[in-house]
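Make a model of the complete structure from these sequences and hints.
So in my numbering, spot 230 of the sequence shown is number 231, and the numbers just go up one at a time.
Possibly wrong hints are sitting among the right ones.
FRET-style restraints, in silico, Cβ to Cβ [claimed, not checked]: (1) G129 / N91: 47 to 57 Å; (2) P53 / R168: 41 to 51 Å; (3) L3 / L100: 38 to 48 Å; (4) G105 / Y54: 23 to 33 Å; (5) L3 / R191: 41 to 51 Å; (6) E270 / A154: 23 to 33 Å.
Rather than coming from a laboratory, the hints here were simulated on the basis of the structure. Where is the CB? At the ideal position from N, CA and C, for every residue including glycine.
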Amino acid sequence: MLQDLLGALGLASIYLLFALGMSLTWGTIDILNFSHGSIFMFSAFTAHLLIPYVPMGFVGVALVCIVVGALMSLLVQVVAFEQIIKRARNRNTAERQILIGGIGVAIIPLAIAQEVTKSNPFGFIDSGFEVTTWTFMGLRGTNILLITLTAAAALAVGTAMWLRRSRHGLALRSIGVDSEVSAMMGVDRRRLAIVTMAVSGGLAGLAACLFTYTLGAITPESGDTLLIKAFACIILGGVGSTGGVVLGSVLLAVTETVVLTRTSGLWVEAVAFGLIFLVLLVKPSGLFGRKEVRRT
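Below you can see the structure in the form of structure tokens.
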């Protein structure tokens, strides 16, 4: 049972790193980025292509994934989402167009990776980092599991502290609560949106690096699967709540692990959708979600 719990925590950490970036943009600058999954995948794919030509260990691969993820997310914001916001008639129209635009943007890196790999799995086999196994008090784990757990915990705490204590974090929270009032108070939404999108993409890149090392390889479609999981985690915890994303990630991972180990495993993929549906029925704002500001 403890071994299953350790595995669930490792899975929850991957979900958290991936979902944290989505939650950050959705809960502050109102951008639900459906290209997040492709950014996740393509950052790992870029590192995969570079490894044969540029020898890299874990740190090098992680840096490539983070930088590529941040740059791709930044590019999506400047080239696509900003233009949509400028031309949209109102906020609701912009949100709908961003959803559609994100899906359209996501197809491009997905198609490139599918063409190059022929939809076969890819990984970091030739990197200098070796995944090793350890045993402690009957529990088995790997060095990448320890790195994943540590990174997820540190970044979740760091993000929460940044949003609550720093000047930029408080400005972002003000945009998420009431963008009109924050603009009147002098908050530069565009600059903060660019920073937030870059951070979001960097988190996706780090998640891709750790997930690829954990599984050994991923496919071009892996990001799409995680996108659904992240959406479930955010809805469970509540949009705009870092603590909620943490709890949502743990609940989803533990539930999936229980279903996988106690049944045939065929229902695992239905768990995310089931949890989303249940929460939307019982508590639409999520466990720690904030109330939306509505003007009459």
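**C-beta pair P53, R168: status relative to the range 41 to 51 Å that was hinted** = 44 Å, holds
**Request:** Using the beta carbons of G129 and N91, state whether their distance is inside 47 to 57 Å or not.
**Result:** 52 Å, holds
**Prompt:** When you take the CB atoms of L3 and R191, is the distance between them in 41 to 51 Å?
**Reply:** 48 Å, holds
**Message:** For the hint 23 to 33 Å, verify it against the beta carbon of G105 and that of Y54.
**Reply:** 31 Å, holds
**Prompt:** Is the distance from the Cβ of L3 to the Cβ of L100 consistent with 38 to 48 Å?
**Reply:** 41 Å, holds
**Item:** Hint check for A154 and E270 - Cβ pair distance inside 23 to 33 Å
**Value:** Distance hint for E270, A154 holds at roughly 27 Å.
The structure shown violates none of the earlier numbered hints.
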